[in-house]
Amino acid sequence: MLDVRHLRILAAVADSGSMTRAAARLSYTASAVSQQMATLERQLGTPLLVRHARGVRLTEAGQLLCRYAEQVEDQLRRAEQEVRDLVELRTGRLRLGAFVSAASRLIPDAITEFRRRHPEITLSLDILDPLMAVEAVAARRLDLAVVFDYPPDPVLDFGDLVQEPLLDDPVLVALPPGHERSDADLVSVRELAAEPWIRDCSPDPMCRDMLDRFCREGGFTPTIAFEADNYLTIGRLVEAGVAVALVPGLAVDQLPADVPLRPLTPKVTRRVCVVSRPEAAPTVTRMTEVLREVTAAPRVPARAS
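Residue numbers (our numbering): 7 to 311.
Derived from the structure by calculation, the hints contain no laboratory data. These numbers were taken from a predicted model, which means no experiment stands behind them. Please note: incorrect hints may appear among the correct ones.
[To be verified] Below, in silico cross-link-like pairs of lysine to any residue (SDA-like), each with a Cα-Cα straight-line distance of 25 Å or less:
id, residue 1, residue 2
1, 273, 231
2, 273, 207
3, 273, 229
4, 273, 144
5, 273, 160
6, 273, 174
7, 273, 156
8, 273, 157
9, 273, 186
10, 273, 222
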């Protein structure tokens, strides 16, 4: 295969008409240029240059090769510029994924700030449960996803994907207004054993399982009075006094203002993190930085009656 360096030297010799002038332009010695051209001619098995008193001129083979050399040089310049644009975020796209409450609470601020800094980047967002989001990143359908899991017994299998912790999102209990524990500093799981519950019936199996895992630690099976697939409905049902529910901190803004939200004991927390591939592009790195900044803002979701 031809050496790009040889092609560049040939183009310089053709443009200047002299090996000496080409050597000066390329910061080579004249003898080095002559040796490189001799090597190229041996490789191709034909003369490329004809020497004369005022310098050199190209043979027919040299003219043909020089045309390709100019195209290669142009392509290399374009490739270098495109890589610089990519690295410096002057072009490109970023495909995001996030679970529902992160998409409504964290992602809008992150997108706004990212666009302010890098307006040339095209962004897209898919709302996916964590299991599907991890799969999409691994399959290269997404570049980055915000997901959650429940320590100390995580469900997600990240494989070779990179995880960047963002925050620990506390899970609270939403109580009807005037509930006897609505002003308590902490509400024990055992204190809720007799309560009717609203269970999250969204497609995300991790959300559906959260209530059962929590109640199991308290030694009881929850009495499911209602099911709902969004926190707006859950909040209205709690406000109406028909049942209690578990609500993650990122979703509390979807509940009515008069619904008390109290911390639990034992504590229940969702570990929220960014997931990406090891060979992530600069856009992923920058968006991860922005998400860290957005989640660094203090959040105090608990509220009393």
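Checked hints:
| no. | hint | result |
| --- | --- | --- |
| 1 | 273 x 231 | 24 Å, holds |
| 2 | 273 x 207 | 22 Å, holds |
| 3 | 273 x 229 | 21 Å, holds |
| 4 | 273 x 144 | 31 Å, violated |
| 5 | 273 x 160 | 15 Å, holds |
| 6 | 273 x 174 | 11 Å, holds |
| 7 | 273 x 156 | 11 Å, holds |
| 8 | 273 x 157 | 11 Å, holds |
| 9 | 273 x 186 | 20 Å, holds |
| 10 | 273 x 222 | 14 Å, holds |
The structure is inconsistent with hint 4 alone, although it conforms to all the rest.
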